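If you read the protein sequences in the order shown, they are chains L and A. Residue numbers 31 to 334, in my numbering, belong to the letters of the first sequence in order. Residue numbers 31 to 334, in my numbering, belong to the letters of the second sequence in order.
Honestly, I wouldn't trust all of these hints.
The list makes no distinction among identical chains, and a pair is therefore deemed to hold if it is satisfied within one copy or across any two copies.
Said to hold, decoys possible - Below, in silico cross-link-like pairs of lysine to any residue (SDA-like), each with a Cα-Cα straight-line distance of 20 Å or less: (1) 253 <-> 150; (2) 81 <-> 273; (3) 228 <-> 80; (4) 253 <-> 125; (5) 276 <-> 225; (6) 108 <-> 284; (7) 118 <-> 216; (8) 148 <-> 96; (9) 118 <-> 263; (10) 195 <-> 282; (11) 276 <-> 199; (12) 253 <-> 100; (13) 118 <-> 104; (14) 148 <-> 220; (15) 253 <-> 96; (16) 41 <-> 160; (17) 195 <-> 280.
Since the hints were derived computationally from the structure, they do not count as laboratory data. Quick caveat, the model's predicted, so the values are computed rather than measured.
Protein chains: 2
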Amino acid sequence: MFGGIEAGGTKFVCAVGDEKGTVMKRIQLPTADPVETMPQVIAFFRQYPIKALGVGSFGPIDLNFESPLFGHITSTPKTAWRNYPLVKVLQDELRVPVRFTTDVNAAALGEAVSGAAKGIDSCLYITVGTGIGAGAVVSGKLLQGLSHPEMGHILLRRHSQDGFKGICPYHHDCLEGMASGPAIEARWGEKAEELKEKAEVWELEGYYLAQALMQYILILSPKKIILGGGVMNQKQLFSSVYIHLKELLNDYISLPNLSEYIVSPALGDHAGITGALILARDTYPQKELTTGKGSADDGISDVF
Amino acid sequence: MFGGIEAGGTKFVCAVGDEKGTVMKRIQLPTADPVETMPQVIAFFRQYPIKALGVGSFGPIDLNFESPLFGHITSTPKTAWRNYPLVKVLQDELRVPVRFTTDVNAAALGEAVSGAAKGIDSCLYITVGTGIGAGAVVSGKLLQGLSHPEMGHILLRRHSQDGFKGICPYHHDCLEGMASGPAIEARWGEKAEELKEKAEVWELEGYYLAQALMQYILILSPKKIILGGGVMNQKQLFSSVYIHLKELLNDYISLPNLSEYIVSPALGDHAGITGALILARDTYPQKELTTGKGSADDGISDVF
Chain L
31 MFGGIEAGGT KFVCAVGDEK GTVMKRIQLP TADPVETMPQ VIAFFRQYPI
81 KALGVGSFGP IDLNFESPLF GHITSTPKTA WRNYPLVKVL QDELRVPVRF
131 TTDVNAAALG EAVSGAAKGI DSCLYITVGT GIGAGAVVSG KLLQGLSHPE
181 MGHILLRRHS QDGFKGICPY HHDCLEGMAS GPAIEARWGE KAEELKEKAE
231 VWELEGYYLA QALMQYILIL SPKKIILGGG VMNQKQLFSS VYIHLKELLN
281 DYISLPNLSE YIVSPALGDH AGITGALILA RDTYPQKELT TGKGSADDGI
331 SDVF
Chain A
31 MFGGIEAGGT KFVCAVGDEK GTVMKRIQLP TADPVETMPQ VIAFFRQYPI
81 KALGVGSFGP IDLNFESPLF GHITSTPKTA WRNYPLVKVL QDELRVPVRF
131 TTDVNAAALG EAVSGAAKGI DSCLYITVGT GIGAGAVVSG KLLQGLSHPE
181 MGHILLRRHS QDGFKGICPY HHDCLEGMAS GPAIEARWGE KAEELKEKAE
231 VWELEGYYLA QALMQYILIL SPKKIILGGG VMNQKQLFSS VYIHLKELLN
281 DYISLPNLSE YIVSPALGDH AGITGALILA RDTYPQKELT TGKGSADDGI
331 SDVF
């Protein structure tokens, strides 16, 4: 039995499951302060004989084994979690190996192993919601280098008719600043789900997401792209993305049929927790990880 | 002994060397038509008892083992090379395993194994010259997914003072269309090397290259970035890139000192041929590659 945590900005999902990532028991907690949330997390896992724990966390997080802050949530705006040693607390309390990645990397892993990219050694998972983030599996490994990717903050070309200044505190009109759920609400004065009938909202949103996909495709060449998150529940948005992406790429590269290449998560909201369980499975029995120190591969697992 | 080919758009470099990528003999040929160039290539390698051959080629190339065009140069504007079965010809004539990747991937591999990113399992190599292209090593493997990356064609934000329309036949004002050597020449009316004293040229070029680096960093998080190619011989361009990149990122992520993080190729013009030799070494003795069919890892080698 393995444990998984999807540590999101608004909720913690904790689950135990088998080596296939199948959930057996699951709880959901609000992301309050650590002093409130963490005892509940630990109490949940203490009920089960888990062999290892996988964690997909909101960020930014420190994934560098050589850093004194390895396993910490770092410069998050949620001040109570800033510099919180999540991995160390879990290891100390539960005495099992803990493997740590971003929430979106965990979702990419879940979709790659048992979702929309099952059987494919490469996929990109993008969430468009409160924020925009992406995780990727490349040649069967989670994408990680100097740090984890921050794909939500890439630059966009502003639409000539769009005067909205953007809401990113760092970059104003980057992707997240222009196309996240809160950006949509700030621009149009209503939440995304209230704007379903307004074609111009989805036309513009598709324009920006297609730009992002073009950059991701030209840089990473993923074999499958999965678009999830609350904003993507507006299914009419997919066709807007396809139309703009086709126009932008202008047949420069050959891609599969876009409606098969760029899809919704097959695991729905369970991609992250499934990925966390799979991450735990891939840790076990690598004993060296119980110390928080990884092997030469920086803790990135081959999942295929 | 191993063989390597750096098949560029203007010249073919052929070399034999040892398992460390050290060149023992080397020739350089103009990239004429295949009927002229290839017999010379084959005659060179027939002189040596090579065990395997690595090829870094101009593109686009087909790297999909399941494609009937695997190992071909595909839709290149050099019509005589269009749909040319480079790998098959080399295998048939030389009877050794041939491993195939892009010219920029080979250069990234060379720099990762024995150049500026030596000992690091992740780097990005960018060439800014006749075209703009990039290759990457990610977690010790060459970056390849659905196809090879086409990072030179990412979108840019146009500078408000720049009315140049761009020269990319597919995307007009993408990175290559705005910032390659021919784009510089078309915009300013002189070749890059004649414009050394014009500060505004390098200011604008740095502005565009910094945008590209921002996207690459946020998406790939490389541990080292190597900027090569003819245009980067203008060393004053590096400080322009650093200044613009720092401004764009606005301290959102923490990076090493930019002058240590973004560097010139340590191997100079030898990065590509060194990488091709290393590619050959990593092939041998994987017999299945003699048929042009790869293992499950799509022919991407672990180099660390």
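Results of checking the hints against the structure:
1. 253 <-> 150: within (7 Å within a copy, 26 Å between copies)
2. 81 <-> 273: Result: close neither inside a copy nor across copies, 47 Å intra and 49 Å inter.
3. 228 <-> 80: So residue 228 and residue 80 fail the 20 Å test inside a copy (48 Å) and across (65 Å) alike.
4. 253 <-> 125: So residue 253 and residue 125 fail the 20 Å test inside a copy (37 Å) and across (32 Å) alike.
5. 276 <-> 225: neither (25 Å within a copy, 37 Å between copies)
6. 108 <-> 284: Between copies only: 19 Å across, 42 Å inside.
7. 118 <-> 216: neither (38 Å within a copy, 57 Å between copies)
8. 148 <-> 96: Between copies only: 18 Å across, 33 Å inside.
9. 118 <-> 263: Neither: 36 Å inside a copy, 47 Å across copies.
10. 195 <-> 282: between (31 Å within a copy, 18 Å between copies)
11. 276 <-> 199: For residue 276 and residue 199, the Cα distance is within 20 Å only across copies (16 Å; inside one copy 31 Å).
12. 253 <-> 100: between (31 Å within a copy, 17 Å between copies)
13. 118 <-> 104: within (14 Å within a copy, 51 Å between copies)
14. 148 <-> 220: neither (37 Å within a copy, 52 Å between copies)
15. 253 <-> 96: between (32 Å within a copy, 14 Å between copies)
16. 41 <-> 160: within (13 Å within a copy, 50 Å between copies)
17. 195 <-> 280: Result: close only across copies, 17 Å inter versus 28 Å intra.
The structure does not agree with the numbered hints 2, 3, 4, 5, 7, 9 and 14 stated previously, though it agrees with the rest.
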